[in-house]
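Assemble the whole structure, with the sequences as input and the hints as a guide.
Protein chains in written order, with the numbering used here: chain H, 4 to 492; chain S, 4 to 492; chain D, 4 to 492.
Check each hint, because a few of them may be wrong.
It does not matter which identical chain is used: a pair holds within one copy or between any two.
Keeping only pairs whose Cα atoms sit at most 30 Å apart, straight-line, the calculated BS3-like set for lysine-lysine is [claimed, not checked]:
(1) K369 x K259
(2) K259 x K368
(3) K377 x K432
(4) K259 x K377
(5) K432 x K259
(6) K369 x K153
(7) K394 x K377
(8) K394 x K369
(9) K264 x K153
(10) K432 x K369
(11) K394 x K432
(12) K264 x K394
(13) K153 x K434
These are calculated hints, taken from the structure and not from any lab test.
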Amino acid sequence: MKHVISAGDFTRESIERVLASAETLRPIWESRQPREALTDIGVVRLLFAEASTRTAGSFEEAARLCGMPSALTAGADATSLIKGETLGHTGRMYHGQNAWALVMRTKIEGGARWVAEMATRYGLNLCVLNAGDGANEHPSQTLLDLSTIKRRLGRLDRFRIGIVGDLRLSRTVHSFIRALRLLDNIEIILVSTPESRLQWWYTEGMTNVTVADSLEALVGCDFVYTTRIQRERFPADGYESKRVRGRYVIDEAVLKMLGGKTLIMHPLPIGDGEIHSGILMHPQVIVDEQAANGISIRMALLQMALAGQEDVTELDTCEPEVEVIRSVSAQESIARKDAEDRRFLPIPHGTVLDHLPVGTGDHIKKVLGCDPAKSYVGHDGGLRTREPVVKKDTLRLENRFLTPGELSIIGVLVPDVTVNSIRDGVITKSKIRRVPEVTGIGHCPNPACVTNHDAEAALFPHFHVHGEDRGVLTCHYCEQYFDRAEVLA
Amino acid sequence: MKHVISAGDFTRESIERVLASAETLRPIWESRQPREALTDIGVVRLLFAEASTRTAGSFEEAARLCGMPSALTAGADATSLIKGETLGHTGRMYHGQNAWALVMRTKIEGGARWVAEMATRYGLNLCVLNAGDGANEHPSQTLLDLSTIKRRLGRLDRFRIGIVGDLRLSRTVHSFIRALRLLDNIEIILVSTPESRLQWWYTEGMTNVTVADSLEALVGCDFVYTTRIQRERFPADGYESKRVRGRYVIDEAVLKMLGGKTLIMHPLPIGDGEIHSGILMHPQVIVDEQAANGISIRMALLQMALAGQEDVTELDTCEPEVEVIRSVSAQESIARKDAEDRRFLPIPHGTVLDHLPVGTGDHIKKVLGCDPAKSYVGHDGGLRTREPVVKKDTLRLENRFLTPGELSIIGVLVPDVTVNSIRDGVITKSKIRRVPEVTGIGHCPNPACVTNHDAEAALFPHFHVHGEDRGVLTCHYCEQYFDRAEVLA
Amino acid sequence: MKHVISAGDFTRESIERVLASAETLRPIWESRQPREALTDIGVVRLLFAEASTRTAGSFEEAARLCGMPSALTAGADATSLIKGETLGHTGRMYHGQNAWALVMRTKIEGGARWVAEMATRYGLNLCVLNAGDGANEHPSQTLLDLSTIKRRLGRLDRFRIGIVGDLRLSRTVHSFIRALRLLDNIEIILVSTPESRLQWWYTEGMTNVTVADSLEALVGCDFVYTTRIQRERFPADGYESKRVRGRYVIDEAVLKMLGGKTLIMHPLPIGDGEIHSGILMHPQVIVDEQAANGISIRMALLQMALAGQEDVTELDTCEPEVEVIRSVSAQESIARKDAEDRRFLPIPHGTVLDHLPVGTGDHIKKVLGCDPAKSYVGHDGGLRTREPVVKKDTLRLENRFLTPGELSIIGVLVPDVTVNSIRDGVITKSKIRRVPEVTGIGHCPNPACVTNHDAEAALFPHFHVHGEDRGVLTCHYCEQYFDRAEVLA
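As structure tokens, then:
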């Protein structure tokens, strides 16, 4: 493991590996005695542009205990980010200042992913650890949460957990639920007001999730994971914050109702008394233990990052699946008097896109950056030989064949397209069957996304494609889901 | 010494001990060469949520010279305190991050005391050093001030000192005066405008304090300790600040007036030219020397904290003094036909509170959390056998005896109460003679007090009781004095 | 080299020395392995009261690699500067905290120079390294810029460089141009809008500078140094910023136009896309390499500061050049019946200032702080023996002779004055021929100047004198140029 960006990248195995490593490192934390200093590795740069005590401090102490020199930059005001500097420059600069790892917290969603990719693009040997990117992800928190569960329960399966609070905006919940998806035989109850409900995609396809409005639904849970209202991510008027604030409070009465085995967790800080102060010393409230588990988890992550530092990360996008429908020689085509195929022969070498919805031909020509002198849009409305006449566009590209990336773009823009390649007198007719990812088109609608904050990242739109009709796109960086139309607008 | 919270905790001996220790450590400071690193003690966490250069920097350097690893968090924005986190969680978290000492500056008055107590409650091995809590205390500053006096004078008695400026809001003055109270044969002149006068309690019972309006009163002083207008603690309109600003300026003319032996001190920073810039290089102005003395003082405090780290601090509240007035057996009572005592016999085992002012019975019943089925308020207006009839309430509690804490509460609420305990056929009649402290009731009226900032601290009201009629209560945390009625309202 | 304050202090030799030293230190940076710790030198205090990532981080890493302990204070809010503390106190305090070097960035122009001088005044062994003082200077940036040029070109002469952007407010440009003045056979093209043009004095007397409005002027340059709009130094309405923003963008088309040998530099951060994100990976864009060169430069500066630490810096102001016109004995004068000389004899011992413009006598008397009982202004209008009668004032000072500093003041106030000293019966008549510097009068008109921010610095006005008629004064601290009348108003 080189980078730690999102719980969406975890596997069951990688989680167990981190937890096991943390256990072996735990005695160092308990002894308070650092390992011998690693003098020739450079520094761990801790960049905390949003407020942090727990995460910043525990990464700092984890680095100290691992014998890794570190340097902390805290507060957005202290950095050139406020002068408009891009994350890419910030990352390259820290690399120049001998940072081998960058632990970063910013309000820019997808920022950590972007910096990690930028490092690969520029060939920099820099590990990126996401310590919170806006409302998106907080993967090291999830690992310490899982570590707390495993230490208490002795296993990572067969338990019932309730998650309560501002689920929509809480990055700790987002990471947590992505990891919980990987565990077997667990039951999840999500408790929130309708306004704070978790976005649909986090639990898509999961059958072990229940949604509820009230704490009563949590009776008998092994764990109740409650969270803070994310005031700082709300609209300025604070309207929603006031509405949900104080709605779910774990106090002595609730604790009693839940039963004697339910352990109360919280990623901290407690903001508005989600856990009543009167029960903080109760043995079922394990929030301080949970926080303290963070040191050895972060030691493990730093150690694994250092070990994987030299790994080459490839920036590869999955290629589309293209199925060849038919392949005929031009001669054969003429011989067979196949009207449809013969239509393409005026282009002896190149590509013809067929079955384009009416009016899309010119748009695609533009998106592909076609040479106007060598590409022609036909609005010919289909073959006259068939009835009823289906109106459609065609696009003929002389001497040009599409790359996998271009096929992905076409496959998202016009899923039903037929791609005809004409080469050496042979016409090959294909359909684009699956498009896992698409880059180079679209615009992420999330204003907090790194692609809307960072001029360099903005040049690299990148989406994952979902749905039978390719109608849902996920931003590769901020991990939000959108309708295709929103992204392509 | 484990914690350093308030100059009010100092003794003459503890002051001398710190000063002596500082002198032995001074050569390390002068050599700039740190002691060998203490690798297995954890870290000194420096939390400065209010602006600081001098105190933060000198604790940081002191830790370095002592070979103690430290980590600095500066600026409230950098911490979760702005997300509403309590000091208790902050303290527990730093402890989890291997902090053995927490040097803290916040605007929360009594915050350091609270964190120290919280550590004891939770069984954490954490030393707390108060580096300034709002307008309350700054004990390490006082120690360096005294160190400066002793180094210049060769002794800590027989001197005359003037203290000038914003005495009401200056924590350095508050700590200083509490320590000066312990010194012999000194004379103190307090110079301020009427608005900025020191609160009465700081000098209560001191006979060596003079109050003045003008710098003329300071002629011939050994030391003049001048202070900054505490603009940041004034109401937002700045009205008072503008009124007192620039009122007392030590310039060349004043220096001449004071005479050749007066040394000018200032806790720094100078805010509005309290010491005119033209005399900063004058040999009688020793403010930079004074500031520099802070390093060895803070080394001494850290060393003593480390040495005392394992000390068990008990959270004990002083018990009330209860005097037994009379003790009679029930039989004897019946035999003596003592009407008053016989009245209590309907409760064969339990407590009867007598001589309660009319109307207070129900309130006390509520405060004590009495079982309604086993407690009865009588409004019977005293014994009919005596004239004139004195109206009063009684409260009979079956099978219940009061704890020392409950006796303190009763003793503050109704000082004249008579407590009758009936046990094994014996009635014991007592008076509460002295109540040093009371916990569990009241609300500190100081909005800056930790009990008004911190949901957890709010659950532990704690006051010291003063005055013949127990009419003045001091908040255990913020150390302010209030009328009993304000606290109990 | 002890202090590093301004590129205006550089010589060609000192630049080469730093660059050579940086090259020898470079392998340490590349190895990431620090030198052995210097345990007895105290600390490098890094004070960054303005936002910084690059400069703060690279000084921090440079100190680490040099084995020098350092401590960082970042953000104005974290320091007592916001409580109104002067830089002098801040500097003295850090010295007391064992800082041997102070690397400082503030918005106060001339602040670093002032702290360096203050250290000398107070006899403190403190090196000051200016890491940016408002819109004035950023000398270590210039050294890394020159290092980048030399590493790319193999030499520091014979090149053509364009400088683009907000030249008026960019401290990196101000420092850079002062250094470029020292290089041979280079050609400089300054490109900006008229509003952002470089102030006249930076290029005064240089014959190798061209001014242009458009990027076309840069075709064929070896280097193009482009800069950020200094939004934070603009008037609050942002008017000017909006006007110049986005005016000069280096994109692919511009790069092509410039030609294949032009290397693009930028001090970073890029604020508004001055370099288009699409070309950041282009091999001619060397901004990240340039930034990374800063580590070894800053290592060199710290090493040289440490080596020169003990150097005694004298605070000497250049004395005025005074030419004796004539010297006559009183007797001889009487014998020669020289009416003009005889006029002065009523003052047997002292000074007579002659040829003062009418009405200036009383002003000078006041400026010199003359004893009213021993100084007399004459409005006698010149000698009657000559025609036409030239009206003038004279000022006779009994028993007083002027110091060099006073002669400088007189020489700036009334350049044509004749100074007659009468001593032992000899009258010596002199003219003030040259006044390099003047202290003790005037007021810097620059509101950002340290003399307008710092009560202590305000007491030491200090100007360099330019122009044949001494009509232009440069502030010794903020290095801005003013008309004499503005300063003396």
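To see whether the hints hold, each was checked on the structure:
Taking CA atoms no more than 30 Å apart as the test, K369 paired with K259 passes between copies only; the shortest distance there is 24 Å, against 65 Å inside one copy. With identical chains, the CA atoms of K259 and K368 are at most 30 Å apart between copies only, with a shortest distance of 26 Å across copies and 66 Å within one. For a Cα distance limit of 30 Å, the shortest separation of K377 from K432 inside one copy, 20 Å, qualifies, whereas the shortest one across copies, 93 Å, does not. For the identical chains of this complex, K259 and K377 are inter-copy neighbours only, at 26 Å across copies versus 76 Å inside a copy, given an alpha-carbon limit of 30 Å.
For the identical chains of this complex, K432 and K259 are neighbours neither inside a copy (68 Å) nor across copies (41 Å), given an alpha-carbon limit of 30 Å. In the homo-oligomer, the alpha carbons of K369 and K153 never lie at most 30 Å apart, since the shortest distance is 54 Å inside one protomer and 45 Å across protomers. In this assembly of identical chains, K394 and K377 lie within 30 Å of each other by CA distance solely inside one copy; the values are 23 Å within and 91 Å between copies. When the C-alpha separation of K394 and K369 is checked against a cutoff of 30 Å, the pair qualifies only within one copy, where the shortest distance is 21 Å, while the shortest distance between copies is 85 Å.
In the homo-oligomer, the alpha carbons of K264 and K153 lie at most 30 Å apart inside one protomer (15 Å), although the nearest pairing across protomers, at 60 Å, exceeds that limit. Taking the shortest Cα distances, K432 and K369 sit within 30 Å of each other inside one copy (23 Å), while across copies they are farther apart (87 Å). For a Cα distance limit of 30 Å, the shortest separation of K394 from K432 inside one copy, 20 Å, qualifies, whereas the shortest one across copies, 106 Å, does not. Taking CA atoms no more than 30 Å apart as the test, K264 paired with K394 passes in neither setting, with 66 Å inside one copy and 53 Å between copies.
For a Cα distance limit of 30 Å, the shortest separation of K153 from K434 qualifies neither inside one copy, at 48 Å, nor across copies, at 57 Å.
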